[in-house]
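Enquirer: Residue-level listing of the chains:
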Amino acid sequence: MSGAAWLLRRLVASVAIIFAVVTLVFVLIHIAPGEPCPSDEPVDPTVCLELKREFGLDRPLPEQYWRYLVALTHGNLGYSFSLRRPVRDALAETIPFTLQLGAAALLLDFVLGLLLGIYQASRVNRLPDLLLGNITLFVYSLPTFWLALILLLLFAERLSWFPVGGASNPIFCPTVDSLYCVADRLWHLILPAATLGLVGAAGTARFQRAAMLDVSSQDYVRTARAKGVPERQVVLRHQFRNALLSFITRFGLAFPFLLTGAVLIETIFAWPGMGRLAFNAILARDHTLVTATALIASTVVVLGNLVADILLELADPRLRVRADVTTEIVTA
Amino acid sequence: MTLGTWLALVVALVLAAETVRWLRQRALRGGRDRWRRFFKHRTTSWGVGIMAFLVILALAAPLVAPYNPNEQLGIVQLKNHAPSWTFILGTDVLSRDVWSRAVWGARVSLGIGALGALVAISLGTVVGALAGYYRRWIDPLLMRSVDVGLALPRIFILLMVVALWDGLPFAALVLAIGLTSWLGTSRLVRAEVLSLRERDFVVAARALGAGGARVIFRHVLPNAAAPIIVSAALGVGNVLLLEASLSFLGIGVAPPDPSWGNMIADGASTIYSAPWTTLFPGLAISLVVMSLNAIADGLRDALDPREEPA
Amino acid sequence: MTAPGSIPALLRVRDLKTYFVTEHGKGTARAVDDVSFDLYPGETLGIVGESGCGKTVTSLSILRLVPEPPGHILPGSVIEFEGRNLLALPAAELRAVRGNQIAMIFQEPMTSLNPVFTVGDQIAEAAIIHQGLSGSAARARAIEMLRLVGIPDPAERVDHYPHQLSGGMRQRVMIAMALVCNPKILIADEPTTALDVTIQAQILELLDNLQNRFGMAVLLITHDLGVVAGHADRVVVMYAGRVVETAPTERLFDQPTHPYTEGLLAAVPRIDAPRARLHAIPGQVPAATAWPSGCRFRPRCPYAWDKCLEEPGLLETGFDGHTARCWLVTEPERRRPRP
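Chains as they are written, first to last, in our numbering: chain H, 1 to 332; chain F, 1001 to 1310; chain V, 2001 to 2339.
Don't take each hint at face value.
Label pairs and their calculated CB-CB ranges [stated by the list, open to error]:
1) F:SER1195 / H:LEU306: 21 to 29 Å
2) F:VAL1010 / H:LEU314: 58 to 66 Å
3) F:SER1122 / H:PRO96: 37 to 45 Å
4) F:ARG1135 / H:LEU314: 24 to 32 Å
5) V:GLU2068 / H:ARG241: 20 to 28 Å
6) H:ALA92 / F:SER1122: 42 to 50 Å
7) F:LEU1175 / H:PRO96: 33 to 41 Å
Interface residues of chain V toward chain H, partial, derived using beta-carbon atoms under 7 Å [claimed, not checked]:
8) LEU2063
9) ARG2095
10) ARG2098
11) GLY2099
12) ASN2100
13) GLU2108
14) SER2112
15) ASN2114
16) ALA2126
17) TYR2161
Simulated from the structure, these hints should not be mistaken for lab results. A virtual CB, placed ideally from N, CA and C, is assigned to each residue, including glycine.
The following block holds chain H by itself, in its conformation from the complex (with noise of 0.2 Å):
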């Protein structure tokens, strides 16, 4: 089939993965014991009773998943009792946090990640591949929320490098409207996504290395270094090109990974993003507003996987060439 067939096909499975999550969600949701008060302090049963049927809690669960999709449609994701404001205004507020996070530890994690790769697959086996191999070793078996708090300790506490928690001094930079207040964010910043992208750099490097090896062997290498090809471009140009090829599936693998550790960062550091909003919403049973989370959730982890899937088709010609090309039975 052709590439826009293959990508609509695509698309429809994507979203039919994230509805089958949110469905799951939903349901998971519901049929946990006691469900407690769609509210966020302590009332009597008549005022409990009262505020589910206007909640529609006590409907039967299929038209209540009914009524949720009808009112997805509409861009409405419903109100969180916990927090007492629409779903669409919490998240509103929180994701862009997230994202910053995401982002910083994404680029933090692939850029560091592969230069120490491909370094180390350059110095095999000597001195400084060894020694890196441990470092990159050590700092990926950490834990996120250790490591968090170690850091938090060292440069944060002892060393007064940068800031305890939160995203922004609430003082001077409540909202971002100076030059000043973005370097406020961008060092409030450092720490968590700091956190985050050494444990995933630590990982990429020791992936990305083990990659360029595998290439490395290959015979078209020598066939490169057999035409005289001066051999920083056989690094770069035939080792690191196909080497891409793995790391572009890794890519769509980083997303749970940020996700997850997004819960754990936020919490540590305060940092208003949405993990720390999902977990304190699934401890309140906040339904709707969970299901909102995992929602979002699914949504970036399908797309980072798509995202990946489309840039292999581009970068592997072997997967671009379809049955529209006729590939002839031979002549020699």
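We have chain H already, so just place chains F and V on it with the hints.
Expert: For chains F and V alone, kept in the frame of chain H given last:
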């Protein structure tokens, strides 16, 4: 620490070191190529040694821990006591001996890790093998379900499961973690089975009249064992980290029972004044995960089919 | 074209030793253990031998393509090309020789071409690096080369990827890639082994034509005596990391001296002579970590006697250009099968 526990600790250390050395000698001296390749890198040997040590400690917890892990030893004077000869890893905010808690916590964390990984690998292998071997409608069904499962970050699902059902017993926690971790393995196994099922020896087995289950278990899976084993080693580490994260967030192993994760949570509030309460459990987790990764690396080298002599 | 004594050799290999370190005390594999031969301009020299005799490692050593750990070329080895010792060249100068003056094609066209670049890109690369051609000029040259090696629709094929071509076509691409800078020597390491028999013939014919056209010398490495018979001017027979016989092709097939060569020839099934059983050389090739002492072929030789405990050098047989590493040269009466 009492004399008895010091003794037990030293014995554990020596036992672990000797086990590794003996294994390594056996491997490098005679023995099959695989073992030799496994022990080729120093880091793998260290990994095996450290895991052996920690497992021995966990198993011998009553012998190695001088105090009851939940016992509060002296609420006023001994609170947040720095490491000393009596309390080699110090005490925490509730004046409990960190070393004892760490050792008993090892049982919990390592146990959950191993059991959870077992559940995950078993389920993943079965699902992957079924999908890869039978194809037709089972394959798309199972794999789409896996896609759905993978679309939601594990921690979300676990958070929901664990937070919504209060007071989950230990076994249920293990099961829950295992049930959310099998997805990756199933994809891996499916890929292997797909490529193996066309091989001659499988076709031959079918021609002899072997039924599906027999072919899968006796012929296909043993040849797919390598990536499964590597995945298992890594899986234990992943499950451990997951459990630690959950315990840290307060919804994993319930206090007062120690788990490395909730120990870190306990110590988080006093990290500035008493860093050892957070440092040591975290180091323990890192050590285990690092060792498992090193072991997985060694396994990968050892079981690489390309390295098998022709 | 036989090798005239007065024209200097294009390539002189003397005392080449390439050893490999094996893991864990299995010893050093002496894959190439004192190999010497000459290659003259415009001729085709065949290097023949079974797997494990060191012929491929020899060819890789010429351009220093042997992976450095675990392999290494021992000092004292000399590979002289037009008077320069290739083994002593600094990296930059060696690169100027590779693909430019001396080119190489490999056995597996499937894996020897980079899957993510077009065929044209890969051919053009050599032209860009060595001849400084611009992108478009290099592309035109690539199309020209594709036409030269007999690929139909070269203007279209130039943008194809390796996986879109058949095995024979890929090998033609490899040849195009090697010849784009008009090298003086083409090293062909088992160029037809991975191909179907009918394609083999076509590729070898192509190589012959190109050689006639460009006048390069060809080092043809193969285990197939048939290939050598049809396409080589002179032959070097290798066994156990050493050269055991060198001769012009016709002479070799007519009057093989070394018992190994004899055995190889006898093992080829012949249409014109009815035989009940195929002749096989008894025994097996020894491991490169443990070559036998004395003459290395001694354990498998039907004529061996006690003098063979001492290893012979390459002895002149008296016929021009024919040498053999065997005491039968000096004591031909010993050529009697042992009882």
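Enquirer: Could you run down the list of hints and mark each one as holding or not?
Expert: Results of checking the hints against the structure:
{"no.": "1", "hint": "F:SER1195 / H:LEU306: 21 to 29 Å", "in the structure": "holds, 25 Å"}
{"no.": "2", "hint": "F:VAL1010 / H:LEU314: 58 to 66 Å", "in the structure": "holds, 60 Å"}
{"no.": "3", "hint": "F:SER1122 / H:PRO96: 37 to 45 Å", "in the structure": "holds, 42 Å"}
{"no.": "4", "hint": "F:ARG1135 / H:LEU314: 24 to 32 Å", "in the structure": "holds, 29 Å"}
{"no.": "5", "hint": "V:GLU2068 / H:ARG241: 20 to 28 Å", "in the structure": "holds, 23 Å"}
{"no.": "6", "hint": "H:ALA92 / F:SER1122: 42 to 50 Å", "in the structure": "holds, 43 Å"}
{"no.": "7", "hint": "F:LEU1175 / H:PRO96: 33 to 41 Å", "in the structure": "holds, 37 Å"}
{"no.": "8", "hint": "LEU2063", "in the structure": "holds, 6 Å"}
{"no.": "9", "hint": "ARG2095", "in the structure": "holds, 5 Å"}
{"no.": "10", "hint": "ARG2098", "in the structure": "holds, 4 Å"}
{"no.": "11", "hint": "GLY2099", "in the structure": "holds, 4 Å"}
{"no.": "12", "hint": "ASN2100", "in the structure": "holds, 6 Å"}
{"no.": "13", "hint": "GLU2108", "in the structure": "holds, 6 Å"}
{"no.": "14", "hint": "SER2112", "in the structure": "holds, 4 Å"}
{"no.": "15", "hint": "ASN2114", "in the structure": "holds, 4 Å"}
{"no.": "16", "hint": "ALA2126", "in the structure": "holds, 5 Å"}
{"no.": "17", "hint": "TYR2161", "in the structure": "holds, 4 Å"}
Violated hints for the displayed structure: none, as all numbered hints are satisfied.
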